[in-house]
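Asker: Take a look at the letters that make up each chain.
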Amino acid sequence: MTDLSHIRNFAIIAHIDHGKSTLADRLIQTCGGLDEREMQSQVLDSMDIERERGITIKAQTVRLRYTGKDGRDYVFNLIDTPGHVDFSYEVSRSLRACEGSLLVVDATQGVEAQTLANAYQAIDADHEIVPVLNKIDLPAAEVDRVKGQIEDIIGLDAADAVQISAKTGLGVDGVLEAIAGRLPAPKGDAEAPLQALIVDSWYDAYLGVVTLVRVREGRIRKGSKLLMMGTRATHTVDRAGVFTPKPLLVDELGPGEVGFITAGVKDIADTRVGDTITEEKRPASEALAGFRPSQPVVFCGMFPADAADFDSLRDALGKLRLNDASFEFEPESSTALGLGFRCGFLGLLHLEIIQERLDREFDLDLVLTAPSVVYRVHMIGGSVLELHNPADYPDPTRIRHVEEPWIKASIMVPDDYLGKVLELCTEKRGIQQELTYVGSRALVVYRLPLNEVVYDFYDRLKSMSRGYASFDYQLDGYGESDLVKLSVLVNAEPVDSLALIVHRTMAEKRGRALCEKLKDLIPRQMFKIAIQAAIGGKVIARETVSAFRKDVTAKCYGGDITRKRKLLEKQKAGKKRMRNVGNVEIPQEAFLAALKMDG
Amino acid sequence: MRPADDPGAALYVHWPFCRAKCPYCDFNSHVRPEIDEDRWAGALEAELRHAAPFLRGRPLASIFFGGGTPSLMAPRTVARVIDGAARLLDFDPAIEITLEANPTSVEAGRFAGYALAGVGRVSLGVQSLDDAALRFLGREHDAAQALEAVALARRHFPRVSFDLIYARPGQSPASWEAELRRALDESAGHLSLYQLTIEPGTRFHALQRDGRLVMPGEEAEADLYALTDALLASSGYDAYEVSNYARPGEECRHNLVYWRYGDYAGIGPGAHGRLTLEGGSRVATQTRRAPEAWLKAVEAHGHGELPRETLSQDDQLAERLLMGLRLKEGVPLSRIESATGAPWRSALDADALRRFGGEGFVAVDAGRLRATQEGRLRLDRLVPALLP
Chain A
1 MTDLSHIRNF AIIAHIDHGK STLADRLIQT CGGLDEREMQ SQVLDSMDIE
51 RERGITIKAQ TVRLRYTGKD GRDYVFNLID TPGHVDFSYE VSRSLRACEG
101 SLLVVDATQG VEAQTLANAY QAIDADHEIV PVLNKIDLPA AEVDRVKGQI
151 EDIIGLDAAD AVQISAKTGL GVDGVLEAIA GRLPAPKGDA EAPLQALIVD
201 SWYDAYLGVV TLVRVREGRI RKGSKLLMMG TRATHTVDRA GVFTPKPLLV
251 DELGPGEVGF ITAGVKDIAD TRVGDTITEE KRPASEALAG FRPSQPVVFC
301 GMFPADAADF DSLRDALGKL RLNDASFEFE PESSTALGLG FRCGFLGLLH
351 LEIIQERLDR EFDLDLVLTA PSVVYRVHMI GGSVLELHNP ADYPDPTRIR
401 HVEEPWIKAS IMVPDDYLGK VLELCTEKRG IQQELTYVGS RALVVYRLPL
451 NEVVYDFYDR LKSMSRGYAS FDYQLDGYGE SDLVKLSVLV NAEPVDSLAL
501 IVHRTMAEKR GRALCEKLKD LIPRQMFKIA IQAAIGGKVI ARETVSAFRK
551 DVTAKCYGGD ITRKRKLLEK QKAGKKRMRN VGNVEIPQEA FLAALKMDG
Chain B
600 MRPADDPGAA LYVHWPFCRA KCPYCDFNSH VRPEIDEDRW AGALEAELRH
650 AAPFLRGRPL ASIFFGGGTP SLMAPRTVAR VIDGAARLLD FDPAIEITLE
700 ANPTSVEAGR FAGYALAGVG RVSLGVQSLD DAALRFLGRE HDAAQALEAV
750 ALARRHFPRV SFDLIYARPG QSPASWEAEL RRALDESAGH LSLYQLTIEP
800 GTRFHALQRD GRLVMPGEEA EADLYALTDA LLASSGYDAY EVSNYARPGE
850 ECRHNLVYWR YGDYAGIGPG AHGRLTLEGG SRVATQTRRA PEAWLKAVEA
900 HGHGELPRET LSQDDQLAER LLMGLRLKEG VPLSRIESAT GAPWRSALDA
950 DALRRFGGEG FVAVDAGRLR ATQEGRLRLD RLVPALLP
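Each protein sequence line maps, in turn, to chains A and B. Residues in the first sequence are numbered consecutively from 1, following the numbering used here. Residues in the second sequence are numbered consecutively from 600, following the numbering used here.
Derived by calculation from the structure, the hints in this document are not laboratory data. Any given hint could turn out to be false.
[Stated by the list, open to error] Simulated pairs of lysine-lysine, PhoX-like, Cα-Cα distance not exceeding 25 Å:
#  : chain 1 : residue 1 : chain 2 : residue 2
1  : B       : K927      : A       : K564
2  : B       : K620      : A       : K564
3  : A       : K517      : A       : K485
4  : A       : K538      : A       : K555
5  : B       : K620      : A       : K555
6  : B       : K895      : A       : K555
7  : A       : K187      : A       : K222
8  : A       : K566      : B       : K927
9  : A       : K420      : A       : K555
10 : A       : K69       : A       : K167
[What the hints assert, rightly or not] Cβ pair distances, simulated, as ranges:
#  : chain 1 : residue 1 : chain 2 : residue 2 : range
11 : B       : R802      : A       : L567      : 35 to 43 Å
12 : A       : L322      : B       : P768      : 29 to 37 Å
13 : B       : L826      : A       : A492      : 29 to 37 Å
14 : A       : Q571      : B       : K927      : 20 to 28 Å
15 : B       : K620      : A       : T335      : 33 to 41 Å
16 : A       : S333      : B       : S937      : 37 to 45 Å
17 : B       : R907      : A       : S333      : 42 to 50 Å
18 : A       : L567      : B       : A673      : 47 to 55 Å
19 : A       : K575      : B       : S704      : 37 to 45 Å
20 : A       : R563      : B       : R675      : 27 to 35 Å
21 : B       : D625      : A       : Y206      : 51 to 59 Å
22 : B       : E817      : A       : N583      : 20 to 28 Å
[Stated by the list, open to error] In silico negatives: residues of chain B with every beta carbon more than 10 Å from chain A:
#  : residue
23 : Y611
24 : E644
25 : G656
26 : R679
27 : D682
28 : A773
29 : L806
30 : R808
31 : A838
32 : G848
33 : H871
34 : A899
35 : Q912
36 : S945
37 : D979
We put the beta carbon where it would ideally sit given N, CA and C, even for glycine.
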């Protein structure tokens, strides 16, 4: 147990690519957490995908030892936070586990939308915030301008901002001193009944469920009998430790400390993030203010490309869920795609990451339906249906009205691209809330329907601003909307997995775009194929794929039938990957591409 | 007496050499400055001795010399193979012995020798009657030489066929019709009319990839096919196979063995065979493709065969449909049943059969499953769909 006044718990918050992971690595290296040989680039991002994409998905912690210029030995607990909007909920729970934050801003880029969103979350968590200007060694660094932005946009005093280059190590000692000198020590009483917050938990193949905790009051020792105050589950601690970043077992974790425990927990559901852990014998009188549980906001169907892989897909989803409680799934059956799962995600990136992990770690080939949001369908008679799947859209005559989720989006964009961004927001049914200028950049805040954002908003924003616009959002309640179900019919048969729920004003355009796209994607076949988009019984768009006229080998030479047969076997294997709708064979690539959100 | 649809047994002899490689050709052909032809003749005889027992007991309906360019063989070499076959096998009295020949004057000079060796039918690689097209196709002859060769062949051989390649880049229906009418004037009752296809590994393939060769496209090709069919029909030629047209009785018996999925042995480099072994199992045979490797193998082991592949019932059904539906006559239902041991309907994809039947692509009548003319034009889609 460490003397409270020597502990500093902090997070690093930053926009993507502003140097958060590099700074973390530098701190770990400087404090001797790892030797040179063990230092892998960006230690904290452990999953392959995290490292490749340069984003953090799961929070991690590292305990660092630092001797200050005042001669005191400090224990720093660095709690890493995800950088992407989809994981803002994980950011908030990481921030709750510490008292201060380093706000890293790239001195060549300035404040971005995520900088803003994360900084506000740190302010909400009552953090002391130390601004850190990174990349000051680059010629494009504009220290004064960026300091001005931090003061004007975020409202933090940037006079004492620490100026560093995480890459070269320049100024990193100043960061360590600022952590020791400017961030507050945690408070707590080692003798009080145990109160520890579950910050994260994940499944480890060797250790079982590993739970990351922040102790507020009391202590956790090996052998302690714990009670989860929310789930009422009890477990006996068999290991307590900290990450340095290597796991290091300790005798006990005291107030102010951040570390991990294992307690023979088999089911991750027993250690719900945000729950309070106390001791069974001497329980705390009340739980700590927990986090709100993370709610999936984007849903899509996932189907195995080969129906025979259904069981493997179920097993794989189950394994992913062990490590990612924010991800949900339940069985779904589609006439076009067969048996699969309806899955819920925190956002589009979360969806992409899960899809990529299924492909990479489990070698599963999938067909995904269009992402959809959760609609609230108010039925005549007063019942309310939470609709996750457009295919389940009830008969419109039984619906009183439909509500859709809205978000509040903050977009920072260079002046040159502002006009286009405003056009996009308007096209997406956005309602402008704020428009302020910071130098040559604008900060616009819009209310937008989430279903427009999951469609193709982010990609278009990025391409129309040449990547300069940054974007962040938070959910902002539900609102009534004039929504309709857009069906796609192939040779007069509805394709359930292509159904969409759209605003009435968007329906025709989307229907036409979808038909045109499918026309290009469905290969010509032995018969003419009619592709239609319809609202209810009314067809609003139509395309035709003509039948092909000729496909025959001119010459079968010299009795070499083997080559033809092998070719045929390939074709037959391809046939298995086709989905039959109304006698039309639709390659799954067509589903994938039609559903891709690039319009 | 064999049943009417028993195609009999056949022998294929592959001569893998050409003077030059044509830009559209992906067959097993090789250019060599010189070869020891005696050695090659000896090796073909040796492999024939290896293959003959598998055809024994059945009359030989055909021998076919293909290539490569078999008309580069000395007549004496051809004679050694035919004589060898005659010693080892029973010839059907109506045996057809075909040799593929290039219509250059050099090769035409050997016609008399081939006829003496026993060749009764030549198949000439005319390819076009248009000089520009012949240059495009990389041929060494011009249209006049081709026509002379056809005329000469008709004097030496009772049966003559020639090949044309059409649906070439830039070919108009009118110019093809004119070319085809000219060909019909010179034809002796059999024509092989192949639409140009671009095969991987050929010079044309590289040109097409680089955008320097643009094919007419499916619609134009289909139109040219229809035009060809109509013109040939009006001249009394039956479209008995996808690309082959004959007056009654002039059909190529050798190719009918392939299409009717009969037994054939293949000798020479890269030759294929289909043999029914004692006990009834069916095997696919193939010899080494590289000429020198084949030659060495034959001299060391008496044959150049690669390990044989035993064909499953599914394989046999697939091959039978792949080949048989190319023929206008189609596939006898009894053959589907004997290949699978099941009622023919349950051997096929019932849904596809119903849809294709409804659309007029296939028909079942007189105990046969047939692809219609429209169906044959789409055969590469039809067959995989029909198989379960």
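Asker: Hints first: check each against the structure and report whether it holds.
Answerer: So, going through the hints one by one against the coordinates:
| no. | hint | in the structure |
| --- | --- | --- |
| 1 | K927(B) x K564(A) | 19 Å, holds |
| 2 | K620(B) x K564(A) | 23 Å, holds |
| 3 | K517(A) x K485(A) | 19 Å, holds |
| 4 | K538(A) x K555(A) | 48 Å, violated |
| 5 | K620(B) x K555(A) | 18 Å, holds |
| 6 | K895(B) x K555(A) | 30 Å, violated |
| 7 | K187(A) x K222(A) | 23 Å, holds |
| 8 | K566(A) x K927(B) | 24 Å, holds |
| 9 | K420(A) x K555(A) | 56 Å, violated |
| 10 | K69(A) x K167(A) | 23 Å, holds |
| 11 | R802(B) x L567(A): 35 to 43 Å | 22 Å, violated |
| 12 | L322(A) x P768(B): 29 to 37 Å | 60 Å, violated |
| 13 | L826(B) x A492(A): 29 to 37 Å | 35 Å, holds |
| 14 | Q571(A) x K927(B): 20 to 28 Å | 23 Å, holds |
| 15 | K620(B) x T335(A): 33 to 41 Å | 52 Å, violated |
| 16 | S333(A) x S937(B): 37 to 45 Å | 41 Å, holds |
| 17 | R907(B) x S333(A): 42 to 50 Å | 46 Å, holds |
| 18 | L567(A) x A673(B): 47 to 55 Å | 37 Å, violated |
| 19 | K575(A) x S704(B): 37 to 45 Å | 51 Å, violated |
| 20 | R563(A) x R675(B): 27 to 35 Å | 33 Å, holds |
| 21 | D625(B) x Y206(A): 51 to 59 Å | 56 Å, holds |
| 22 | E817(B) x N583(A): 20 to 28 Å | 21 Å, holds |
| 23 | Y611 | 6 Å, violated |
| 24 | E644 | 20 Å, holds |
| 25 | G656 | 20 Å, holds |
| 26 | R679 | 21 Å, holds |
| 27 | D682 | 23 Å, holds |
| 28 | A773 | 20 Å, holds |
| 29 | L806 | 18 Å, holds |
| 30 | R808 | 20 Å, holds |
| 31 | A838 | 12 Å, holds |
| 32 | G848 | 22 Å, holds |
| 33 | H871 | 5 Å, violated |
| 34 | A899 | 25 Å, holds |
| 35 | Q912 | 13 Å, holds |
| 36 | S945 | 17 Å, holds |
| 37 | D979 | 5 Å, violated |
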